[in-house]
Every structure is written in C-alpha cells, then in structure tokens.
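S.K.: One-letter residues, chain by chain:
There are 2 protein chains.
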Amino acid sequence: MSRVFNTPEIVSPGTRRHVLDMAAEVGYLPNESARTLATKKSNMVGLVWDTDHRRPGWRHPFLQDILVALKSALSAQGLHLLMLAPDRGAGPDSRQRFLRAVQRHNVDGVVIIDNGSRDPAVLALVDAEVPCVALDLRFTGPTCTSITSDNAGGGRLAAQHLIDRGHHRIATITGPPETWPAAERLAGFRAALTEAGQPLADADIASGDWYLDSGYAAMKRLLPRSPTAVFAAGDEMAVGAMRAIHEAGLRIPGDIAIIGFDDIEVAALVPPGLTTVAQDKTGIGTAAAEAIVAMLLGSPAPAEPTTLPTALITRGST
Amino acid sequence: MSRVFNTPEIVSPGTRRHVLDMAAEVGYLPNESARTLATKKSNMVGLVWDTDHRRPGWRHPFLQDILVALKSALSAQGLHLLMLAPDRGAGPDSRQRFLRAVQRHNVDGVVIIDNGSRDPAVLALVDAEVPCVALDLRFTGPTCTSITSDNAGGGRLAAQHLIDRGHHRIATITGPPETWPAAERLAGFRAALTEAGQPLADADIASGDWYLDSGYAAMKRLLPRSPTAVFAAGDEMAVGAMRAIHEAGLRIPGDIAIIGFDDIEVAALVPPGLTTVAQDKTGIGTAAAEAIVAMLLGSPAPAEPTTLPTALITRGST
DNA sequence: CTGAAAGCGCTTACAG
DNA sequence: CTGAAAGCGCTTACAG
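Protein sequences, first through last, are from chains A and B.
Residue numbering for the first sequence follows the working numbering, beginning at 236 and increasing consecutively.
Residue numbering for the second sequence follows the working numbering, beginning at 236 and increasing consecutively.
Just so you know, not all the hints are guaranteed correct.
Because identical chains share one entry, a pair is satisfied inside a single copy or across any pair of copies.
Claimed, not checked - Below, a list of computed lysine to any residue pairs in the SDA-like style, where the Cα atoms sit at most 25 Å apart:
1) Lys-276 <-> Leu-264
2) Lys-276 <-> Tyr-263
3) Lys-276 <-> Asn-266
4) Lys-276 <-> Pro-243
5) Lys-276 <-> Ala-363
6) Lys-276 <-> Pro-265
7) Lys-275 <-> Glu-260
8) Lys-275 <-> Phe-240
9) Lys-455 <-> Arg-425
10) Lys-455 <-> Pro-507
11) Lys-275 <-> Ala-359
12) Lys-455 <-> Asp-444
13) Lys-275 <-> Pro-321
14) Lys-275 <-> Leu-264
15) Lys-275 <-> Gln-338
16) Lys-276 <-> Pro-321
In short, the hints are calculated from the structure, not lab data.
Modelling step: build the complete structure from the supplied sequences, incorporating the hints.
M.R.: Set out below in structure tokens:
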C-alpha cells in the first residue's frame with residue numbers, strides 16, 4: 236500500500252514493517268508515470284534554455300556553472316530537470332510550444348534561462364500561471380519570479396573602481412539596451428559617475444550584443460573619444476575591446492584601463508588579467524532551485540526579484 | 236481514439252477528419268504520463284552528467300557545446316532530455332542510483348557524459364542493458380556504444396605539425412593516463428614521432444588532470460629537459476603550460492612552441508593564440524543523439540565507437 | 001474499419 | 001487503522 240511510503244504516520248508499526256520488508260525483498264520501485272498520472276505532479280522541473288532558432292542555444296560561458304548548481308540543488312530535493320524540447324504539435328499556435336510540453340509532461344515548475352528577448356512562448360507560461368523562475372529576465376506574475384545579480388550595484392562597483400584609480404575620461408560598452416541586465420548595469424554605472432561629479436556623456440556609450448566581436452567594434456567607435464578607462468558590461472565584450480585597444484597601439488592599463496563584468500574563465504587568462512565585476516554563478520543556480528522549490532511547496536512567488544551580490548575582482552587591466 | 240494519432244492509416248478518412256476536428260477544437264493534448272504508463276516508453280532520454288560528489292559537475296568548457304547540440308538533435312526527434320538526479324532511495328545499493336532513476340521514469344535511453352572514471356553506478360546501466368551512449372568513455376555491451384573524437388588521429392596531427400616545424404626536442408603533457416582520450420592521444424602522438432625516427436623519451440612525458448593548474452605544474456617538470464616544443468593533450472593544460480613557460484622567461488613560440496587539444500574558446504584568446512587540435516563538439520553532440528535514436532528504433536549498438544575527425548588549427552603558439 | 005473493455009501502476013476517498 | 005474499489009488518461013488486443 237502506498238500509505239506506507241506517503242503517510243507512514245497513519246499506518247501501524249506492524250504492517251509498516253511488514254510492507255517495507257516485502258518491498259525491500261522484491262526491490263520495489265514506485266513508477267513515476269503512474270504516480271504522475273494519479274497526482275498530476277511529476278517531480279520534474281522544466282528548463283527552457285533556448286528560444287531562438289537562429290542561434291544554437293544561448294552560449295554564455297557561465298551558463299554551465301549556473302546549470303550545474305541548479306541541477307545539484309534540485310537533485311538534493313529529489314527533483315529532476317527536464318530540458319524542454321519545444322512542442323511543435325498540432326495547432327499553429329507556436330506561442331504555446333513550451334506550455335504544451337509542460338502540460339503534456341505535468342512538469343511542476345519551470346526555470347527560464349533565456350536570451351533576453353521576451354519570447355511569446357515564454358510569456359505563455361507566465362500567463363498560464365505555471366510556477367516559474369526566470370534568470371536575468373524581469374518576469375512577474377502570480378506564479379513567476381526572477382533571479383539576477385545585483386547588476387546596478389555591480390555597475391556602481393565598476394564606476395567607483397575607475398574613479399578611485401583617478402580616471403576622468405571614462406567610457407562604457409553596454410549590452411543590448413533593451414535587456415534588463417544591460418540597463419541595470421548602465422544605470423548603476425552612470426549613477427555612480429554622476430554622484431562623483433563626472434556624468435557620462437552619451438557619446439561615451441557604445442552598445443554591443445554581449446559577444447566578443449561586438450566589444451571589438453564598440454571599442455573602435457569609442458577610441459576617437461580617447462577615454463582613459465572603459466567599463467564593458469560583459470567580459471566577452473571586454474576581451475574584444477582589449478583587442479581593439481591593442482590594435483590601436485595602446486597599452487593596457489597604461490593608456491586605457493578596462494574593467495569587465497561576469498568573471499568568466501578567460502578573464503583570468505587574458506593578459507594582463509581582466510579586472511571585472513564577478514557574478515555569483517553558483518549562487519544564482521542555487522537561488523533558482525530554492526525559489527522553484529519554495530513555490531512548489533506553496534509559497535507565493537516573490538514579487539521582487541532575488542538579487543545576488545556582485546564582487547569586484549582586481550587584476551592587471553586597471 | 237488514439238488510433239487516429241498513432242496509426243492513422245488504419246482509420247477511415249471520414250472519422251479521422253471528425254476526430255481531428257474535435258481534438259483541435261477542444262485543444263486536446265495527449266498526456267505523456269498516461270502514455271508512458273501504458274507503453275513503457277517515455278520519449279525521454281536520460282543524461283548522466285556528474286557522478287563525482289567532490290567536484291560540482293564536470294566543467295570542461297566545451298561540455299556546453301556538446302550539450303546544446305545534443306539537446307537540439309534530440310528535440311528534432313521530439314525527445315526530451317532528462318538530467319538524472321541520482322536516486323538515493325531505499326536500499327543501500329548506491330550502485331543502482333542511476334538505474335533506479337531510469338527505471339522509475341521509464342527513460343528510453345541514456346547519454347553518459349562522465350568524468351572518465353568508471354563509476355559503478357554507470358556500469359550498472361550497462362549491465363541492466365539500458366540503451367546508452369557514452370561520450371569519451373569506452374563502454375561496450377549489447378546496448379551500449381561510445382562516441383569520441385579521433386584522439387589517436389589528433390595526436391598524430393599534433394606530432395606531424397611539430398615535426399614539420401622542424402622540432403627535435405619534443406615533450407608532452409598528457410591527461411590522466413587511465414583515461415581513454417588521454418591514452419589515445421598519447422598513443423597517436425608517440426606513434427607518429429616514432430615513425431618519424433624521433434621516439435618520445437619517458438622523461439619527456441608528464442601528466443596532468445586536464446585542468447589548468449596541472450598543466451602549469453607539468454610544464455615546470457618538463458622545463459629542465461629544455462624541449463623546443465610541447466604537445467599538451469588539452470587546451471586548459473596548454474594554457475597553464477604557457478604560463479609556466481612565460482614565468483621561466485621563455486618566449487612562445489620562439490623558445491618553446493606549444494600545441495593543445497580541444498579548441499576551447501580561450502585557445503583563440505590567449506596570446507599569441509594557441510595552435511590546437513580541434514574537436515568537433517557539435518558533431519559529438521549530434522552523433523550522440525543519432526546513436527541513441529537509432530538504438531531506440533531497434534538498431535543494435537555499434538560495437539565500435541563512433542569516431543569524429545579532428546582538425547589542426549594553427550595559431551601563433553607554434 | 002470501429003466500438004467497448006481491460007490494463008498499465010499509482011493515489012485517494014470510502015467503507016469497514 | 002486497513003481492505004477493496006474507483007479513477008488518473010492513455011494503448012492495445014478483442015469482438016463486432
């Protein structure tokens with residue numbers, strides 16, 4: 236009887252022992268499909284990873300760290316992670332491709348690691364009131380919450396560091412402006428500079444798409460302004476910018492100092508070492524797991540995003 | 236009736252239309268749990284990722300590329316990827332922790348991305364004749380096959396390249412010797428050198444654990460032999476070795492040339508650019524998906540591993 | 001070709 | 001506390 240496993244306090248010690256012994260002897264394993272069919276809960280958390288068909292998945296280098304932490308924390312709760320394949324079932328409504336997959340599998344909740352665009356198929360999950368936690372995406376709803384780094388605070392850290400180093404001609408390379416993290420990092424950076432009495436000129440702002448080449452291109456646009464320091468809102472772009480600086484015959488940090496954001500592996504490896512604002516990747520993954528678990532247990536979705544602290548890591552580039 | 240969906244050729248066009256219309260109108264979605272319960276097939280492929288509790292998941296940088304390719308190829312077949320949380324259910328038999336998870340969820344097949352150790356819990360899957368494909372692990376069995384790069388061929392490419400560059404004092408940093416890829420890379424490298432009439436001395440071999448620090452340490456051990464070229468069997472270790480070379484006041488490639496293996500992102504970024512033997516990460520992920528799909532369709536497990544070609548990428552370090 | 005029924009292995013009221 | 005039954009939503013022989 237399933238009572239022995241699910242509500243042992245309700246069954247007498249004698250029968251309990253007996254049933255347990257039998258189960259152990261036969262090597263009884265409960266069948267999850269049958270359980271799911273009966274209860275409508277699957278003990279599976281869905282993962283929406285890539286949304287964009289043009290790009291083969293979001294390949295931000297620290298995604299793997301987040302994923303590992305997320306998986307570990309979920310495992311500890313006995314939850315499995317199901318990487319959702321978009322359901323292209325009958326019905327032309329591609330907005331529902333994730334929702335359909337979720338419903339068919341009775342997935343309990345969803346973690347969204349998306350590329351920053353507000354994909355309608357993701358919004359459909361929110362509308363359907365599937366419990367979900369989004370990473371680096373500002374989603375709210377009765378069943379949705381967000382996890383993100385303290386991007387504004389990180390932007391301030393970067394600004395303060397450059398100010399402390401005595402820089403006055405400061406420029407920045409931002410991520411895609413419509414993106415939440417990009418907007419926050421810029422806002423924090425700009426606020427700190429303004430407070431320090433050296434507001435950021437629009438001409439000293441160039442934007443990229445997070446990837447290396449865009450940092451290279453953005454830096455080329457910034458070079459004519461001859462900044463003495465630049466804050467790139469992502470390490471990949473920072474590395475691209477460093478290349479542009481070198482190609483211009485300038486030295487780092489002598490002629491131009493540069494600070495990044497993320498602290499991905501290459502930051503430590505590219506000479507002279509990239510100073511950067513580190514994100515707590517493991518913390519993000521763990522927080523995502525905790526958030527989804529709490530919601531599955533009945534807690535309401537926090538209206539405010541959960542924010543993880545960032546930290547300045549000083550290396551040779553500043 | 237499920238016949239309309241599963242064996243449409245067996246039902247008359249009239250009723251088929253009718254049923255389809257009704258289904259579309261109601262927004263009918265088949266329930267996977269019920270289907271799984273009835274058929275014992277779940278349309279889910281399990282992923283065994285980390286086995287080792289000491290290390291939070293295998294963090295080889297190109298794992299993400301493989302995972303993305305694997306997921307995409309599986310998605311195209313309508314298969315979902317379930318990241319298996321080790322089942323620590325009743326029974327002290329931890330050897331069965333993955334097998335139990337597989338059985339409880341009726342997972343159709345398993346892809347194993349493991350850290351190279353022959354984990355008993357993974358072997359239990361093989362013994363239970365669960366269809367599985369292992370990446371970079373030499374597993375065989377009636378239902379098991381392996382996917383890997385042509386590591387021996389890649390080792391030969393590296394050797395040939397150094398020979399072509401006119402080197403005579405050649406050393407190598409290997410991966411963990413008990414590991415299949417490490418053994419193959421060394422074997423290919425050594426064979427090519429021998430054929431070229433300059434066999435590798437044991438003293439010119441140092442081994443690491445794939446990670447950066449071990450490459451640094453290995454290089455320090457090799458330095459007294461004053462090689463003019465070294466082949467590091469993994470890019471991470473190569474980057475560590477480059478650091479040791481620089482610290483010794485030597486120049487790359489002037490004093491020592493270095494060639495790596497993998498072609499991870501940093502290879503292109505670390506100056507002067509790391510020459511390396513590239514693995515086809517996307518190909519590996521895709522091949523893994525194809526292999527598991529073929530087995531699910533009834534094909535026998537190929538006894539020989541599926542081998543993907545490697546390619547020499549020349550950069551500044553040689 | 002097409003109904004109606006049994007069965008997949010659980011959980012959960014419902015009687016004892 | 002503890003049986004026995006119904007029901008979760010499919011698939012698959014089995015009769016028509």
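S.K.: Run every hint past the structure and note whether it holds.
M.R.: Structure-based check of all given hints:
no.	hint	verdict
1	Lys-276 <-> Leu-264	both (17 Å within a copy, 17 Å between copies)
2	Lys-276 <-> Tyr-263	both (21 Å within a copy, 19 Å between copies)
3	Lys-276 <-> Asn-266	both (13 Å within a copy, 12 Å between copies)
4	Lys-276 <-> Pro-243	within (20 Å within a copy, 31 Å between copies)
5	Lys-276 <-> Ala-363	within (16 Å within a copy, 28 Å between copies)
6	Lys-276 <-> Pro-265	both (14 Å within a copy, 16 Å between copies)
7	Lys-275 <-> Glu-260	between (29 Å within a copy, 23 Å between copies)
8	Lys-275 <-> Phe-240	both (18 Å within a copy, 23 Å between copies)
9	Lys-455 <-> Arg-425	within (21 Å within a copy, 46 Å between copies)
10	Lys-455 <-> Pro-507	both (20 Å within a copy, 21 Å between copies)
11	Lys-275 <-> Ala-359	within (20 Å within a copy, 30 Å between copies)
12	Lys-455 <-> Asp-444	within (15 Å within a copy, 40 Å between copies)
13	Lys-275 <-> Pro-321	both (21 Å within a copy, 22 Å between copies)
14	Lys-275 <-> Leu-264	both (19 Å within a copy, 14 Å between copies)
15	Lys-275 <-> Gln-338	both (10 Å within a copy, 19 Å between copies)
16	Lys-276 <-> Pro-321	both (20 Å within a copy, 19 Å between copies)
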